[in-house]
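Take a look at the letters that make up each chain.
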Amino acid sequence: MTVSDVVLKTEHLGISFGGLKAVEDVNLEVKKQQLYGLVGPNGAGKTTIFNMITGVYTPTTGKIFLEGEPLVGHTQEQINHMGVARTFQNIRLFNNMSVIRNVLVGLHYDERFKCSMIESMLRLPRHAHSEAAMRERAKEILRIFDLEDERNNLACNLPYGKQRKLEIARALATNPKLLLLDEPAAGMNPQETADLMTIVKRIRDEFGLTVLLIEHDMKFVSGLCDELTVLNFGTVLVQGDTDKCLNDPEVIKAYIGTTQEG
Amino acid sequence: MGKEKKRNAFRIKDYTSYFITIVIFAYGLIMQMTGHLKRSDSTLLVQIAYGIILAVSLNLVVGFLGELSLGHAGFMCIGAYLGGYIAVQLSGVIANKFIVLLLSMLIGGLLAAAAGLLVGLPALRLKGDYLAIVTLAFGEIIRTIFKNLNVFGAAMGMHTNTIKYDGGGKTSLYIVTFCVVLVMLFLCNNLIRSKHGRAIIAIRDNEIAAKAMGINVTFYKLFIFVFSAFFAGVAGVIYAHNITPVMYSAFSFNYSIEILVMVVLGGMASVNGSIVAATALTLINALLQKNLSGDLASFRYLVYALILIILVIFNNAPVFAPIQQKISPRAIIARARAKKSKPGDIPDEPTDWRKVPTKIKMDELLSTDLQQDKTFEPDKPEKSGKGGE
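From first to last, the protein sequence lines are chains A and B. Here the working numbering is used: the first residue of the first sequence is 1, the next is one more, and so on. Here the working numbering is used: the first residue of the second sequence is 1, the next is one more, and so on.
Calculated directly from the structure, the hints in this document are not laboratory data. There's no promise every hint is true.
Residues from chain B shown here face chain A by an in silico Cβ test under 7 Å; the list is partial [said to hold, decoys possible]:
{"no.": "1", "residue": "ASN190"}
{"no.": "2", "residue": "SER194"}
{"no.": "3", "residue": "ARG198"}
{"no.": "4", "residue": "ASN206"}
{"no.": "5", "residue": "ALA212"}
Over 12 Å on every C-beta distance to chain B, these chain A residues come out as not near it, computed from the model [said to hold, decoys possible]:
{"no.": "6", "residue": "ASP25"}
{"no.": "7", "residue": "GLN34"}
{"no.": "8", "residue": "GLU69"}
{"no.": "9", "residue": "GLN239"}
{"no.": "10", "residue": "ASP241"}
{"no.": "11", "residue": "PRO249"}
Listed below are several chain B residues computed to face chain A (Cβ distance under 7 Å; list not exhaustive) [to be verified]:
{"no.": "12", "residue": "ALA155"}
{"no.": "13", "residue": "MET156"}
{"no.": "14", "residue": "LYS195"}
Model, not experiment: these values are computed from the prediction. Using N, Cα and C, we set each Cβ at its ideal position, and we do this for glycine too.
Work the whole structure out from these sequences, hints included.
The structure is reproduced here in structure tokens:
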């Protein structure tokens with residue numbers, strides 16, 4: 001395994017709030033086009049790791065590298081431009097915008113659709129070109145998620161499962177190398193979950209994406225992820241192959257507890 | 001593809017703001033051509049015009065960006081004093097008053113924009129109430145500074161008689177002013193309807209998500225703040241050309257609130273609404289000033305406040321909703337359209353958000369419940385929470 005194959009790497013990543021060590025000594029190594037899972041009971045620090053990767057929190061210890069480039073110290077916007085996109089545990093769409101506009105916001109910094117503020121204000125020809133091209137691209141992305149027919153509806157009026165999908169579509173529009181999905185299947189019915197699994201695999205192949213995801217639905221995780229990191233109380237419990245991890249007695253103990261502890 | 005064509009085609013809706021402005025402008029022009037335009041009327045027209053500039057530019061910050069700014073009169077004050085001062089100086093050098101007017105508007109606007117940048121850089125890190133307090137303080141500080149500078153006439157106000165713009169006739173400042181309004185509307189409308197406008201509205205909708213999507217939040221916030229300060233400055237320069245002397249007392253906190261009232265009454269994030277509200281409020285104010293003179297003068301603010309309260313209640317109280325439905329222009333247009341098209345034929349308008357909810361319910365019914373080849377599984381009870389926060 002050469003270094004260039006590793007998309008995301010964290011070294012001794014840790015953060016503490018006051019005296020509380022929320023995450024401690026987490027070493028991840030996510031390879032290109034891998035579907036990597038981050039699981040663990042509530043409060044294990046999974047979302048906190050996402051927040052550190054995307055620049056919401058600055059880690060107190062350790063380093064994060066995206067294809068060898070350090071991420072710590074950059075703002076959220078810069079990290080997104082470097083190629084990390086994410087979704088949120090509690091959906092954060094632009095609720096008062098139509099579905100297609102949500103995706104268009106994601107396309108904002110795409111080099112192909114450049115159009116300066118002055119050009120927009122004076123309605124120079126490039127404005128119309130870039131706007132039309134952006135719409136085409138947005139529709140292409142929506143088609144993958146089967147949302148094209150909903151494009152003129154308000155985002156907040158979509159059913160829950162579709163809102164989740166739209167959030168992934170919007171993240172995908174920013175043209176990321178690494179996609180972070182925070183509980184993508186939460187609140188979906190089994191049918192929708194199954195659809196989502198095929199979609200995630202499809203975008204991984206079509207866009208050459210690397211996906212790091214948090215999920216509690218073990219069917220979803222075992223059906224999708226190649227490798228796992230199981231966290232408990234901010235520290236790594238087990239790391240490695242999915243089946244091995246899920247059958248590990250430590251993991252079962254953390255999730256369900258043993259008979260003695262009741 | 002047919003829909004895409006429609007998108008690029010001419011839509012009357014996109015040009016309503018220009019239309020309203022031109023109607024007011026045309027009224028002035030017709031009155032002037034028939035010789036009925038009085039001096040006071042022309043002054044009133046200028047007041048309406050800079051009222052529109054102020055309201056629309058403040059709406060960019062409050063309505064579209066979603067940040068509460070209470071210092072708009074402060075930026076106007078900078079434009080009025082500095083722009084007016086420069087115009088007075090320039091009028092000694094340049095004989096053409098039109099060029100003096102344009103130059104002073106540009107410089108006054110730029111100086112106000114610079115002040116906007118200075119205030120915005122630290123203040124936009126604050127949110128909501130705190131930003132409001134900082135901008136409010138800024139407005140008061142600016143006013144006090146000008147009150148104490150002898151160059152600008154100190155407490156007596158700055159006299160601008162020498163630059164009174166009379167162009168073709170004695171009353172033509174309003175023509176230039178309305179041209180400025182049209183230019184501003186062109187820039188603002190285009191900005192809002194571009195990808196940059198989309199980014200700004202995204203910031204208002206969900207700042208965390210906008211950041212995660214890579215939108216440069218600081219840049220856009222600062223830009224809109226400075227852009228809006230520029231036009232407030234331009235409005236100030238026009239003010240200085242319209243009224244003499246320029247008094248510091250005109251740019252008090254009350255005036256900032258008055259501009260905010262125009263924005264709120266016209267509707268947040270509605271350019272057309274801001275234009276109508278600015279026009280209406282300026283007219284009401286002028287009418288009250290004219291009719292309640294002498295002993296009744298002290299009732300002016302009372303009546304003005306009453307009118308505002310009634311308007312706000314009428315706009316928001318559910319009791320009046322049916323009446324509003326009957327007389328609001330949007331409803332009238334919708335009714336006229338409904339007669340033309342077949343019932344059940346929902347026009348596919350991305351901007352017409354009022355119709356969306358019913359449409360979605362139908363879609364859901366048809367696609368999920370009644371499809372034959374798919375089984376419908378209810379969500380698990382513990383996870384079936386609604387979307388959003």
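Each hint, compared with the structure:
1. Interface restraint check: ASN190/B against chain A, minimum CB-CB distance 5 Å, threshold 7 Å, status holds.
2. Interface hint at SER194/B: satisfied, since its Cβ lies 3 Å from the closest Cβ of chain A, which is below the 7 Å cut-off.
3. For ARG198/B, the interface hint holds, since its Cβ comes within 7 Å of a Cβ in chain A; the closest pair sits about 6 Å apart.
4. Interface hint at ASN206/B: satisfied, since its Cβ lies 5 Å from the closest Cβ of chain A, which is below the 7 Å cut-off.
5. Annotation: ALA212/B was flagged as interfacial toward chain A, and the flag holds, the nearest CB pair being 6 Å apart, inside 7 Å.
6. Its beta-carbon lying about 26 Å from the closest one in chain B, ASP25/A satisfies the requirement of being farther than 12 Å from that chain.
7. For GLN34/A, the non-interface assignment is confirmed: its Cβ lies about 22 Å from the closest Cβ of chain B, beyond the 12 Å cut-off.
8. Even its closest Cβ contact with chain B, about 16 Å, leaves GLU69/A beyond 12 Å, as expected for a residue assigned away from the interface.
9. With 12 Å as the threshold on Cβ separation, the claim that GLN239/A sits away from chain B holds: the shortest Cβ distance comes to roughly 27 Å.
10. Distance check on ASP241/A: its Cβ is at least 28 Å (rounded) from any Cβ of chain B, clearing the 12 Å threshold; non-interface status holds.
11. Non-interface status of PRO249/A relative to chain B is upheld: no Cβ of that chain comes within 12 Å, the nearest being about 27 Å off.
12. Given the 7 Å rule on beta carbons, the hint for ALA155/B is violated: about 40 Å separates it from the nearest Cβ of chain A.
13. Taking 7 Å as the C-beta cut-off, the interface hint given for MET156/B is violated, the closest approach to chain A being about 40 Å.
14. Among the interface hints, the one on LYS195/B holds; its C-beta lies about 6 Å from the nearest C-beta in chain A, closer than the 7 Å criterion.
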